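J.: The chain contents come next:
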Amino acid sequence: MQDKQFMKEMLTEGAHAYKEGRMDRRSFLALCGASGVALSSVMAGDAEAAADHVVMWNWGGQSEECHGSAIGDAFTASTGKGLKFDTSGPLEGKIKEMVDSGNVTADVADADLFNAVSLGPTGHLEPIDYSVVSKDKTLPGYALEYGVSVILYGYAFVYDTEAYGDNPPQSWADFFDTAKFPGMRSLYKWANGSLEAALMADGVAGDALYPLDMDRALAKIKSIKDDSLYWGSGSEAHSMCVNGEVTMGMIWQNRGRNIENDTDGRFKLVNNQAMAMPGAYIVPKGNPAGAAVMQFIATAQEVPAQLALLDCLGMTPSNPAAFGEIPEDQQDYAITSAKNIDKIVYNDPEWWGKNGGDAVNAFLEAIS
Amino acid sequence: MHALRKHLHPGWLIIAPLLVLVLALYLGPILNILWLSITDPEPGFGNYAKLGESDALVRIIWTTVRICIITTIFSVTLGYSIAYAMVHCHQRQKNYMLTLLLVSFWISILVRTFSWLMLLGRKGLVNVALEDIGLIVEPIAFMRNELGVLIGMIHYMIPYAVLPLLVSMQAIDHRVMDASRNLGATGSQTFWRIYLPLTTPGLVASTLLVFILSLGFYVTPAVLGGGKVLMVAEYISVQLLVTLKWGTAAMLAALMLFGVLAMLWIMSRFMKLSTVFGGAAR
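So the sequence lines, in the order shown, correspond to chains Z and Y. Quick note, the first sequence lines up with residues 1 to 368 if you use my numbering. Quick note, the second sequence lines up with residues 1 to 282 if you use my numbering.
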C-alpha cells in the first residue's frame, strides 16, 4: 500500500515536471515503465489528470465536443483546470475493472444513476461531496450518495407516418398492439425501458411501476416477439428506422429528433409515457484529480451548462431551474419541457441498481 | 551443475526468456479465468451448477453449437469446391480467384456484416428488386434472424476453409489420380476413393479452424440476429460489462476452452493431428 502511494506521488511529481519541461519525455516514460504503469493509461489518463486536468469518461462521438463546450469551457474559466476525454464508454464492468486493477485513469464517468447504486456500496465509487454539488439542482430522488443525475434521457418511440396515417399510435399500449398497428417494432436489447414500456402497455400506471413485475413484463414482451427486433446501440436503432426495417421503434428521445430529420418527417416521435432515465456523473474510487472533480460536476448542474447540453446533444436538463428555459424549438423533444413533463414517467435507479443484472439476463433469455 | 548441463541442452537457456514470457502472458490470464469461474461470487462450483439449473444457459450453448455446426458444414463444403476449382484451373484464373478470396479475407468483419444488410435487408437490393418485378409481395426475412446470422458467418468463414484445403490439394501428386484412371476407375470412383482420402488432413484442418473460430463469433450474431440469436460470446460480454456476473462469464469461457480441447483430443484418437498442421504422417 505504501509502495503504491509512493509510486503515485512520484508519478504525479514526474507528470508535473514533464509538463513544465523539467523532465524530458523519455525519462518520464521510463519512470512510468519502472513503476509499472501502462503506457496507454499514462498517455490517456494518469499523466493528464495529474497535470491539472479532469478526465471525463464518456461515450465518444458528438459528446466529446459537446461536453467540452457545454461544461469544460466554464469549468476551465472558473478553476483553471482543463478537461480531457476517455471516449471508451464507462460500462459498469469497465468501471469495476478499472478500480479493481488499482490503475484509475478517469475522474468522472458519464454513466447511469443505477450504476451508482450497484457500484457505490461495493467500494468502486467516491461519494459525491454535497457541500460542492447541489442536491437542489436535480430532480428529487436523483441525488444519491455515489452519483448525481446531471441530465435526463428518455425512452420514447417513433412511428412511421406512412404506415399508420390518420390514426397513429399514441401510447405504449398502441406500441404493443400488433392487431391494430401491424408491422415490425424495435425495442432496446438490454431490458431498460423495454420492461417498463411493456408494463405500461399491460395497464400498470406510470407511477406504480416499481418494483417491476418481471413475469408480467416478460409475458408482454414475448407476446409481440414475432413482430420485434432488438437494438443494442443508438445507431442500430436509428438505422432500423431509416432503412425501413421497422414501422415503430423504441428510441432514446434525443435520437428521435435525428430520425425525424433524417427521414424528412416520415417518422414521428411520441413522448407520451416516455420514461425519464437519470444520466448521472459518478466518480471512480481513487480518481487521479481528487476532489477537484466535484467542482466539475457542480459546473455541469448550472443552468447554462444544462441548456448547452440540450442544444448540443439533445440531453434533457435535470435541474428544475432549467425546465422553464427550454427553448421553443426543443419543447417537443426535451422530456422535461412544459409540453412533455406531465406525460412522462420516472425510472427508479434504486430498483435497477439492485436488480438490473438479473433483469437484463431474464430479458435476454426471453427474447432469444 | 554438471548433471544439469548434461540433461539440459544449452539451447533452452537461449529460448528460456521467451518461454517464460509466453507462459506468464498466456497461461496467467487463462488460469485467472479458471480461478474466477470457481471463486466468483463465492468459492465452489456454483457457476458450473447453473448449467444444470438454468434452461437458458443450456439453450444459449445449444444455439451456439448448432449455428457453428451448420456454419462449418456449409463453409467447408463450399470451400472444398472453391479450392478444387482453384487447383484445377489455369494459373491465370487461379491468381484471379486467389486475389478475390484474399480481398474478402482482408475486409473487416463489420463491413462484411453490414453489406449483407444492404443486400438482403427488408428494404435491401434483393427484396426491392424481387418486389419490383412482382415475384414477392412481402419482403423475405433474410436478415435479423438465424438465417441472417448463418449467411453472414458462412460468408465470413469461407476463406478460412479454403486456405488449408488449397494447401493440402496442391501437395497431392496428380500421377496418383492418373494411375487410378489407368487402372480402370471412373472419375467419381477416383474422386471418392483416391482424391478425397488424400485431402482428409486439409479437410480436418479447415473443419477445426472454422468450427473453433465460429464458436467465438460476436459481431455477426449481434447485428444480423436482430437481438434474437444469442450466442455464447455476446452473452459473456454482457455478463462482464453489464450485469457484472464475472463468475458466469468465466465459467462459460472455461467451458468453451475445454470444449475445444476435448474436440482436439477426440480428433487425436482417430488421426495424427500433426498431419493436419502440416507435419509428416509418421
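It is possible that some hints are incorrect.
[Stated by the list, open to error] Which bits of chain Y does chain Z cover? Going by a derived footprint, with three or more residues having C-beta under 8 angstroms, they are:
| no. | stretch |
| --- | --- |
| 1 | 30 to 41 |
| 2 | 52 to 63 |
| 3 | 115 to 126 |
| 4 | 240 to 249 |
Keep in mind that the hints were calculated from the coordinates and are not lab data. Computed from a prediction, not measured in an experiment: that's the story for all the values here. Beta carbons: idealized from backbone N, C-alpha and C, even for Gly.
J.: Could you check the structure against the hints above and give me the numbers of any it violates, in ascending order?
T.: 1
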